[in-house]
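Listed below, chain by chain, are the residues.
Protein chains: 2
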Amino acid sequence: MNAEPPERVGLGELGERGLIRRIRRSAAATGAAPGVEVGIGDDTAVLAVPAGHKLLATTDLLIEDVHFRRISAAPSDIGWKALAVNLSDIAAMGGIPRWALVALAVPAETDVESVDAFYAGMAEAAAPHGVTVVGGDTSVSPGGWTVNVTLLGIHPGEPRLRSHARAGDAVAVTGSLGASAAGLHALEIGLDRARDAGLTGARLAEITRAHLRPRARVVEGRWLGQAPGVHAMMDCSDGLATDLAHVCRESGVGARVRLDRVPVAAAAHETARALGGDAREWGVRGGEDYELLLTCDPAAADRLVAGLAEATGTALTVIGRIEGTAGEIVFVDADGSTVPMRGGYEHFHG
Amino acid sequence: MNAEPPERVGLGELGERGLIRRIRRSAAATGAAPGVEVGIGDDTAVLAVPAGHKLLATTDLLIEDVHFRRISAAPSDIGWKALAVNLSDIAAMGGIPRWALVALAVPAETDVESVDAFYAGMAEAAAPHGVTVVGGDTSVSPGGWTVNVTLLGIHPGEPRLRSHARAGDAVAVTGSLGASAAGLHALEIGLDRARDAGLTGARLAEITRAHLRPRARVVEGRWLGQAPGVHAMMDCSDGLATDLAHVCRESGVGARVRLDRVPVAAAAHETARALGGDAREWGVRGGEDYELLLTCDPAAADRLVAGLAEATGTALTVIGRIEGTAGEIVFVDADGSTVPMRGGYEHFHG
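Protein sequences, first through last, are from chains F and A. Offset between the first sequence (1-based) and this note's numbering: plus 101. Offset between the second sequence (1-based) and this note's numbering: plus 101.
It is worth saying that the hints were derived from the structure and are not from the lab.
Some chain F residues close to chain A (C-beta under 7 Å, calculated; not the full set):
(1) D143
(2) D161
(3) A193
(4) A204
The model shown is predicted, which means the values in this text are computed figures rather than measured ones. Glycine included, C-beta positions come from ideal geometry on N, C-alpha and C.
Sequences are here, hints too, so could you generate the full structure?
Here it is as C-alpha cells:
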C-alpha cells in the first residue's frame, strides 16, 4: 500500500473539454476582474467597460524556438511571459490591464501538468494587476508550443501615444536595460558554463529571471500616463534603438541619445565581464527589458524623475533629446563623438 | 524591353517593419469601423465602446495541418476563415462585430503575395460587417502557418447565452448542415476524383466554399438575438451533436432531436451519393457549418421561422425539444426509435 507517484495524465486522456474545464476552474480560482459578465464557457466573453473609459487592446504571439526555447523556459515561464509582454503594452499607454484571452496549442503528447503550469505561471503574472482570463482557445500543435494572448485594458483619460514626441523633448527610460539580453546570453551558452566563468547563482537567477519572467511596468505606466509633461510613451521590447526609432518615425522627429547616460543594468556589466559580450550593446539593442521609454517636456523632467521614484521606487533616467533630422537617431558618447548603432530585433530579417 | 514577370518578394527582403506597413495600408484601405481612435501602429489599439453597450470578445487559433491544409486552402481562404469563425461567435451572441486583432506566423521563405492574399481574404470576409483590423502581431514560424484572430464586438442589450435553455423549449437551427463536411471530404479524396465520380463543378465549388469560406450568420444572429422568445443561442462549429451538448450542459437540461428534421444540405446528400459517405452523419457530427443553434419558447417558434425568413431570407428549422435527463441528448428517427450518435470534433482525443 505504498503511495503511488502522481499519475502523469496526457492531454489525450483529458480531451479538449476536460482541458477547458481545468482552465475555467483555474481562471475562476484567481477571482474575477471587475466587469466580467460572462467569462470562459460561452461563444464570447461579455464585458463591461466602465463609462467614460476607453478600451485598449493588444495581442502577442509567442512561438517555440522563435520567442522561447523549451530547454530554458519552463511552461510556467512561458505562461508568465506571454501575459507580461501584453501587460507591458497596456502599461505603455498608461492604461489599466483587465481581461485576457489566451490561445494555446501544444503537441498531443504534452502532459497535463505542463499545461497546468503554463496557466499557473500566467495567473502569477496576472494576479498583482487583477487581470482575469475571460476566454481562449486550445488546439493540438503538429510542431512546438504556440501561445497567443490578447489583453484588453481600460483607460480613464488620454492614452500616451508613440506619435506625441515634440522637438526639444527630453528622452527618458525607466529602470535599467540589458539584463534580459544578458540572461539570454547566459541561457544560450549554458548555466553551468556561466557558473564556471564566475557568475554567482544569485546573479544568474537575476538575469535569467529578467529574460524569462520580465516584470511589466504597469504601476509606473499608470503614474507616468497621468503625469503632466509626459508626451510620447512606448515600451522597450525590441531594444532601445529600435523602439526610439518607432517613436521618431510616428512623431516625425529625430533624436540624440547620450550612450553614457543609458542605464545599463549592473548585472549586464557583470555578465559581460564574466562571459564576454558588450553590456552597452545589450542595453541599447538587446530588447525584452520591457522598460518604458518616454519623451517629456524638459522642464518637467526633474519633477518626473523625483515623482516616479517616490511613487513607485523605480528610477527614470534622462538619456537624450528629441532634435535633429526627422527619423534620424544619433548616438553620442560622453565626449560628443558619434557612435554607429544599428537597430534591434526584427522578424524575417536574417 | 519585354515586360518582366512580377518580381516575387520574400518576407526576408521586406522585413517585419515593411510587412507591418503593408498590413497597416491594407487595414486603412478598408475604412475604419466606428470607434477606432488608434489602430495599428501603437502599443495597443484605442477603441470607444458606445455608451450602454457591452463588449464581446472571442479568440480563435488556426494552425496549418490541424485546422487547414495549404494544399487545399489558399492564403486568401485562410484569411477569410480565420475571421469568419470569430464572426460566427459574435453572431451567436446576437452581437455586432467591430474590431479584429490578427496575429500571423509564417515561414521566413513565404512570399509577400501570399501574405497579401491572406489579409485580402480576411478583408473580404470583414467588409460586409464593417469590421476593421486594429492591431496584431507578425512572426516567423519554424513550422507552418499559424493564425490567431481576436474579434471584439458590441451588444446594445442582453447577449444570448448557451446557458439559457429551458425545459420545454423548441430546438432550432438556421440554414442547413453538412455541406462543410462534404466539402472537406471532397478536398481530402481529391477534386479530380470527385469530378470523375460525377459531382459537377458548381456543386464542388459550393461544398468546398462551404468548408473553406464559411459565411457567419451575423445578420441572422442580430435578428434572432433581439427577437422575443429566443432563449439560448450558440454557433454550430463543432457539429450539432457536440454543440447541443454544450447548450444542455451549460443550461442543466437534456434534449430530444428528430434526426429526420435536421436540415441536411442537398449538396451533402448529393456528395454522399457520388463519393460515398453519410450525409446525415455530416450534418449532425461534421461541424464547421457555422449555422446558429438556438432554443426558444415553443409558442414563438412559428413566428421566429417566418420572421427570420422575411428579414434575412434564411431558413430556421425546428429539430427537437429541450426535455429529459439533464446532459442527455436523445436522437430519434421519424418512427420514434432511438439512434445512437456520438459527439463531434474534439482536440487532443485521437
